[in-house]
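As they're listed, the protein sequences go chains A and B. Using the numbering used here, read the first sequence as starting at 1 and increasing by one per residue. Using the numbering used here, read the second sequence as starting at 1001 and increasing by one per residue.
Careful, some of the hints might be misleading.
Using 20 Å as the maximum straight-line C-alpha spacing, the simulated SDA-like pairs for lysine to any residue come out as follows [claimed, not checked]:
#1 B:K1101 x A:P373
#2 A:K419 x A:P373
#3 A:K419 x B:Q1109
#4 B:K1101 x A:K419
#5 A:K317 x B:Q1109
#6 B:K1101 x A:R472
#7 A:K317 x B:F1013
#8 B:K1101 x A:K317
#9 A:K536 x B:Q1109
The set of hints was computed from the structure by calculation and includes no laboratory data.
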Amino acid sequence: MMPELGQLGLIIALFLALLQAFVPLYGVFRADVRYQLFARPIAYVQSLFVAFSFAVLAHAFLVNDFSVVYVAENSNSHLPLFYRFAAVWGAHEGSILLWILVLSIWTSAFAYCSRAIPQDVVARVLAILGLLSVGFLLFILATSNPFLRLLPQSPVDGRDLNPMLQDIGLIIHPPLLYLGYVGFSVAFAFAIAALMAGRLDAAWAKWSRPWTLLAWSFLTAGITLGSWWAYRVLGWGGWWFWDPVENASFMPWLSATALLHSLIVSEKRGALKAWTVLLAIVTFSLSLLGTFLVRSGVLVSVHAFAIDPARGNYILKFLAIVIGGSLTLYAIRINKVVSDVSIRAFSRESFLLINNIFLSVACATVVLGTLYPLLLDVFQLGKISVGPPYFNRVFVPIVLLLALFMGLGPLSRWYASDKRQLLRYGSLVLSLSVLAVLLGFIYKHNFNWQVLLGLSAAFYILLATLNDLHLRRLKKLTISQAQWGMYLAHCGVAIAMIGVALTSAYHDDKDVLLHPGDKAEVAGYSFEYVGEQDVKGPNYSSAQATFLLKKDQQLIATLKPEKRFYSVQEIAMTHAAIDVNLFRDVYIALGNPMQQSAWTVRLYVKPFVRWIWFGGILIVFGGLLAAFDKRLRVKLKVQHESMA
Amino acid sequence: MNRWLSLVPLLIFILLAIMLWCGLSLDPSKLPSSLINKDLPHFHAQQLLQPSQSIDERDFKQHVTILNVWATWCATCWGEHSVWMALSQQTSAQLIGLDYKDNRDFALQWLQTRGDPFTNIIDDRDGRIGMELGVYGTPETFIIDKQAKIRYKLAGPLTEAIWQQQLRPLISRLERE
């Protein structure tokens, strides 16, 4: 009975979403505030029904209701409780439901926090969010119903959750990622609302900014967590693979980063508005593309799609309507709403514009690299894969150039800055950073071009940021919360760059075959293989090896990597053991078992790898700090004036 | 802003959409392999079960061969596997597996628990042979005649119906050639 109620909840939510979309629009069209005022309550109730359906599905997982096909395929009675909850979004149907839930959370949050924004704008934004809900609810009901049942003969037990997903990282990764993806719907809705209304003022950018910042912070957190998860779970010791799934989250991140910066220009200077609107549309479109293409598997394998063409067709039509529709609206209306504001060289806005160009180019290279194999496939030109060599070659130079302007941006001033002073500061900071790195090489004796470039760029950003902070304090200028956020995020980027540069250049690894009692040495660390034992987990059995990690004869840690075998899905998983400190990770992954308790083992020493994720966390906090800046919150009084 | 410039994003999107649409409407199981009626490409690989022994295209001569491309990471192959287990008893053709971009450990475990329908298995862990064969994804199945010429390709899982209607008649015809 419960699952049917869940489905009913979705159907009711669909009707409410239709109301949420069309009643306020009618109100706007008739200029009748009564209809516009409907938007909020409908949005709340719609969200309640979605939340109810989600709770029903979660309940089905928690009580092991295997009559529900989706539960039977993705869970098992031996699966630990919290994984059973996470299994709700372990596959396609539940992910889409999570998407809808997250959309309704954002919708409600916007409805709640928007009391200071003019009623007609709120009505338009909520209507557009309602339309998106309609699209997704139709999709889930028509092609991906998670409440489908197998009755009367239901399976006795489930097929278990994919062991790859049985990890704490994967429990929180998808919700964070979705909070990011879906959060851009608010900025998108603002952009579309502005195009529809034909009114694009500085207030519009001001309203969009906190929502964009918040979504962007979540997406950053999601990507950081995903990278950490891949490092821990996939057993390859890598932290970024440039595979289509990762790229799908990276593309909207890059364009959202550009959007954040151009929103500032639009707010403070009223410039770049056409570009900002376009970025808002593109960012959300890339988010949609990301969710759908990854979930449907069209990028990974053409076969996955053919298994269920109904989904593929729906997805493509939906994308065509949402993206094509908004871009058409953009093409028709943008000239009417935008007036040109000229930008002078060496002003802060010019640096932000340059930043935008680099970020967009970076985004385009990732889009190209991700879609290129698919395009070749379509034209039957053979199957190729675009891998790390392409991305590293194209992407790294762009990031280095971007870093150059990241340092100059905060130092510059709006309208016009003192060109000579700026260049002097910039070159001083740059030469100091390069010098510092070169001194480091003299001390350490292992020169490397990549490290020189990467570290110099990182130091340069750090120094320039701190310098700007220092100057502001000297001049007794107030530093707003948003500015603190910017400093923090920029330092985060620098710290992540340090991690990337040092890990890529100085990591060391070795594949060895070890019998009990054998030793191996990597980068000054000695690994002694003591022996193995069998360990039994709730839904897996495992071979656990014990290693003594020593340096200079001193015992540092006892590490226990495992090879787990999940009996229901019949999949073996490598569970790496990692000894962590601030300056390096030592990482052991079991390869294949050989005779007499011997194993092939992969040993890694990865200097500074933690800094990558630490930088990511700083960026997240920077974003959050900026998102909650009181100055970005709109005051009621100002609004009444702008309405008049 | 230039009137035409504002159309550019839309045009780019339309181009992309058309390409994606073509990508979807191509039914991969109908894609003819460019290798049909051509000789099996030269290759030389380890056998999965006995890595010390090799297998190459000469092992395909004198027999009609069903070459099945599979991998343990491929969920569709799980379902297909039971079909092969049943068919391996019925058919006179030799059934050779190609373990595509896979981990040997996983593959051995899989064969141990689910049974091994294959006469022999090619270990293609880096996917090179798969690439030469134009494999789009797993599972895929090729029928190869006694002269080691590729005669048929099925992309996607084998079902009982496809077996009865296409593969079985083809194999018995090739047996007589």
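Right, here's what the structure says about each hint:
1. In summary, the hint linking K1101 (chain B) to P373 (chain A) is supported, as the alpha carbons are separated by about 18 Å, within the 20 Å threshold.
2. Taking the CA atoms of K419 (chain A) and P373 (chain A), the gap is near 45 Å; set against the 20 Å cutoff, the hint is violated.
3. Between K419 (chain A) and Q1109 (chain B), the direct Cα distance comes to roughly 68 Å. Violation of the 20 Å bound is thereby established for this hinted pair.
4. Among the hinted pairs, K1101 (chain B) with K419 (chain A) is inconsistent with the structure: their alpha-carbon atoms are about 56 Å apart, more than 20 Å.
5. For the hint pairing K317 (chain A) with Q1109 (chain B), the CA-to-CA distance comes to about 42 Å; that exceeds 20 Å, so the pair is violated.
6. Proposed proximity of K1101 (chain B) and R472 (chain A) is contradicted: the alpha carbons are some 57 Å apart, above 20 Å.
7. At most 20 Å may separate the alpha-carbon atoms for a hinted pair to count; K317 (chain A) and F1013 (chain B) meet this at roughly 13 Å.
8. Pair hint K1101 (chain B) plus K317 (chain A) does not hold up; C-alpha atoms about 34 Å apart against a cutoff of 20 Å.
9. Pair hint K536 (chain A) plus Q1109 (chain B) holds up; C-alpha atoms about 18 Å apart against a cutoff of 20 Å.
Consistency with the previously given hints fails for numbers 2, 3, 4, 5, 6 and 8, ordered from lowest to highest.
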